[in-house]
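Top line first, the protein sequences correspond to chains A, B and F. So for the first sequence, the working numbering puts the first residue at 1; every next one is plus one. So for the second sequence, the working numbering puts the first residue at 1; every next one is plus one. So for the third sequence, the working numbering puts the first residue at 1; every next one is plus one.
Quick caveat, the hints were computed from the structure, so don't treat them as lab data. Some clues are possibly wrong.
Distance condition first, Cα-Cα at most 27 Å in a straight line; then the derived DSSO-like pairs of lysine-lysine [claimed, not checked]:
1. F:LYS237 <-> F:LYS224
2. F:LYS27 <-> A:LYS15
3. A:LYS15 <-> F:LYS140
4. F:LYS27 <-> F:LYS224
Only a predicted model underlies this, so the values are computations on that prediction, with no experimental measurement involved.
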Amino acid sequence: MNLRAALRAAEVHLKLQVVNPLAYLGTIIFPVAMTGIGLVLLAPGGHGSRITYAALGGGLVGLYGVAYTDAGFSINSERWTGTLEQLIGCPTALSVIVLGKVAASLLYGLVAVLVSLTLAFAAFHRLLAVVDAVPFIVSFLLTIFALFALCMAMAPVFPMARWVFTIVNGLELTVYLLCGFMFPTGQLPGWVQAISALLPPTWTIRSLYAATGQPVGHDYARWWLIAIALSVIYLAISIVVFRIVEVRSRMSGQLALA
Amino acid sequence: MMHLRLFLHGCLLQYRALFNWASPLGYATYKVLVPVTQVIFFTQLGIFATGRGNSIYFAVGNALQLTAINGLYGVVMTVGNERRYGTLPFLLASPANRLVTFLGRALFHILDGVSSVLISFVIAAVLFGLNFAHSNLLLLAGCILLISATTSGLGLMFGSLSLIMRDVLTIANFGFYLVMVFCGIDFAVNRLPAWGQAISFALPMTRGVQAAREAVNGAGLHDVAGLLLGEVVVGAVYVVLGYALFRWLENRARLGGMQEAY
Amino acid sequence: MVGEAAVALVELRKVYRSTRGFFKREKSETTALAGIDLEIAPGELFGLLGPNGAGKTTMVKILTTLLLPTSGRATILGHDVTRDLGLVRRRIGFVFGGDRGLYTRLSGLDNLRYFADLYSIPPEVSRRRIAELLERFDLKARQHDKVERYSRGMKQRLHLARGLLHDPAVLFLDEPTIGLDPVGARELRLLVSELVQRGKTVFLTTHYMFEADEICDRIAVINKGRIIAEGTPASLKHNVEDVGVVEFEVEGIPPARVEALRRLGGVTSVILANRELTQLVTMHCAQPGDLVSQLSRLLEGLRYREVRVREPTLEDAYVRLVTQE
Chain A
1 MNLRAALRAA
11 EVHLKLQVVN
21 PLAYLGTIIF
31 PVAMTGIGLV
41 LLAPGGHGSR
51 ITYAALGGGL
61 VGLYGVAYTD
71 AGFSINSERW
81 TGTLEQLIGC
91 PTALSVIVLG
101 KVAASLLYGL
111 VAVLVSLTLA
121 FAAFHRLLAV
131 VDAVPFIVSF
141 LLTIFALFAL
151 CMAMAPVFPM
161 ARWVFTIVNG
171 LELTVYLLCG
181 FMFPTGQLPG
191 WVQAISALLP
201 PTWTIRSLYA
211 ATGQPVGHDY
221 ARWWLIAIAL
231 SVIYLAISIV
241 VFRIVEVRSR
251 MSGQLALA
Chain B
1 MMHLRLFLHG
11 CLLQYRALFN
21 WASPLGYATY
31 KVLVPVTQVI
41 FFTQLGIFAT
51 GRGNSIYFAV
61 GNALQLTAIN
71 GLYGVVMTVG
81 NERRYGTLPF
91 LLASPANRLV
101 TFLGRALFHI
111 LDGVSSVLIS
121 FVIAAVLFGL
131 NFAHSNLLLL
141 AGCILLISAT
151 TSGLGLMFGS
161 LSLIMRDVLT
171 IANFGFYLVM
181 VFCGIDFAVN
191 RLPAWGQAIS
201 FALPMTRGVQ
211 AAREAVNGAG
221 LHDVAGLLLG
231 EVVVGAVYVV
241 LGYALFRWLE
251 NRARLGGMQE
261 AY
Chain F
1 MVGEAAVALV
11 ELRKVYRSTR
21 GFFKREKSET
31 TALAGIDLEI
41 APGELFGLLG
51 PNGAGKTTMV
61 KILTTLLLPT
71 SGRATILGHD
81 VTRDLGLVRR
91 RIGFVFGGDR
101 GLYTRLSGLD
111 NLRYFADLYS
121 IPPEVSRRRI
131 AELLERFDLK
141 ARQHDKVERY
151 SRGMKQRLHL
161 ARGLLHDPAV
171 LFLDEPTIGL
181 DPVGARELRL
191 LVSELVQRGK
201 TVFLTTHYMF
211 EADEICDRIA
221 VINKGRIIAE
231 GTPASLKHNV
241 EDVGVVEFEV
251 EGIPPARVEA
261 LRRLGGVTSV
271 ILANRELTQL
281 VTMHCAQPGD
291 LVSQLSRLLE
301 GLRYREVRVR
311 EPTLEDAYVR
321 LVTQE
């Protein structure tokens, strides 16, 4: 893998996002809105510890929202600027270039987490009640990895057809729902929980909330292993789908169409 | 009659030309998938926060909020995309009545917004047991139409702003989150601090949502007349502001001061 | 022998298939390339001419690995363009030009750095080469400016610089001078000639006949997916040695009169080109002298001037080839 190309793609993506107002919408406005709604709903009534779901959940929603949107537009945005042909025609695989972009998105998406935690602190003068520091840090890092794997799997699906783009675009909230970003998945119907279990962030987010004292269990090792295994599978799927997209685009010649 | 037919035809053409749904399947997706996911997500959050017994409150609120997809995204993009596609100079150089053209941007979005709410109510009925047996349906229908219209009024104002700003989507998104937080969708506005409540009552939808909730619970017109009147006034203010901004920008552009309007 | 050519096409075909309609699906097929055989020698500057929709861009996209052919084979320096992607992509550069295809919110330097890394050029080599290319293409002073502030000519030069970053052996240029002012276009043609003198193989598509005539070693004319003529500019012009060309300017000529001109004996084509206030009428005919003597009768009532008889150019050869098809 051309690591230098991935790093350069990350650098270029960050430079382009710095001047993109939508990036600030995703890292600031959207997490503020979600955290705000969460805080108003979850704070009163003696459920003080549930503020974590608002404070952390709102930030995770922002983090994933940024990465998901960037991943989704990673290929189509190149098509719109007319640079997709240059990228397909170079020796570096498209998946490597998108990898760099998604990694960069997750990096600057961490601002969303900071923003939501800051808002919670400003409102309630307390940060997260971190019970287990090590599991929290490991869970947080694995959450980023799980989100990365999910974004990489979604990225090549977006540009397959216009209608696919619309559907996948509409699925953003579905991921928040299924993975328990702002409420435990245990309250969902059983058949929905079965779908949740197939998504790697479900397990890492559960362990993240467990590490902050939420009553969701403490089976860290098992959850982490499942998350890692699922993430690897999603990454493998993404490599295959990227190849399909490249071959299909070369068959149809629709790289230049905006 | 001929003028009305031409007007309606023009509105429909504008809607199709400038609103970016590319195919019937794409349109159907955003009409069903997005409402489903939004209603379910926030209802589940509400259940987690307040218990299963309040699910209807969140389902109704989010169903009504979905008019903002058309009223904000739709209208803002229909206005803003004139600039993006380079058709604005041709529009402004034409003899078309400005007010009619301006209001025409919103017409089909208002109707489309109503359909979004209706679809969401069906979802809420199926998934969360929303029951209209004791509701004042006529009043509810009126509230939905009004909310859709006033939200589109806000969209017209934001749309005029988009004529001088590069990113149409950013404005539309900002408006969408604004109404989501401040318009009594997931919690009563009196839960907000004073400054937040001031924003709430300055926005369309707030009073309309309250009135609609009352209608779901069987209230009569006399119970919500004040709210509806307030909603009409707020919506009208945004339409007037948006139109004034639109004309001002047009004049500035002709004087050569605001070339970015083109 | 295929392996010795820089670029070789054998029976290359491309058929586009599409479907329309939502409930009742209608399928259609468009043959963009109908079986092309072509060889380009190393160090050659090869021009491909053809009307819009003839298949030029399709051919270039197949050769640059952006499009898969339906059948047939194409190789670059002996490597198959459908199978040996990595090898081909490292050895070719392509410049499609235009306002798109660059990151306009980045500087020219950042654009080049990005592509240098995508082409896996070692950092020390890319630094030196980027500096050389910025100097060579007169972009050094503006390298830190965002591309959105570049002129059309600067963007075109940046495209060319990017295409040469990895020092490719074969360069594909798709209408590189389109949209450039005459001075900029001339500079670009000089640059292209220099590249060939340095041993590169250049495959150029263009609409400008004089450009192909001026710089190309060999030319092929493509129409409706087939090569209809191939040779040096001189040999192609030889095809129209028997053709006389009569030209004149007229202030508006009705279509009926144009048809009347076309029906004249010995006239093989009549082409109209719109100018600011007049139209330039170019007639290809067997006996230009006879035609000139008839013009005053044929153009009675019209205001025309500058009737001249001239030697056929490559453009005339091209028009004859294309209209005969």
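How the hints compare with the structure:
Using a Cα cut-off of 27 Å, the hinted pair LYS237 of chain F and LYS224 of chain F holds, with the two alpha carbons roughly 21 Å apart. Only pairs whose Cα atoms come within 27 Å are accepted, and LYS27 of chain F paired with LYS15 of chain A is rejected, the gap being roughly 44 Å. Distance check on the hinted pair: LYS15 of chain A and LYS140 of chain F sit about 21 Å apart at the alpha-carbon level, within 27 Å; holds. A hinted pair counts as satisfied when its Cα atoms are at most 27 Å apart, and LYS27 of chain F with LYS224 of chain F qualifies at roughly 20 Å.
Hint 2 alone, counting from the list given before, is not met by this structure.
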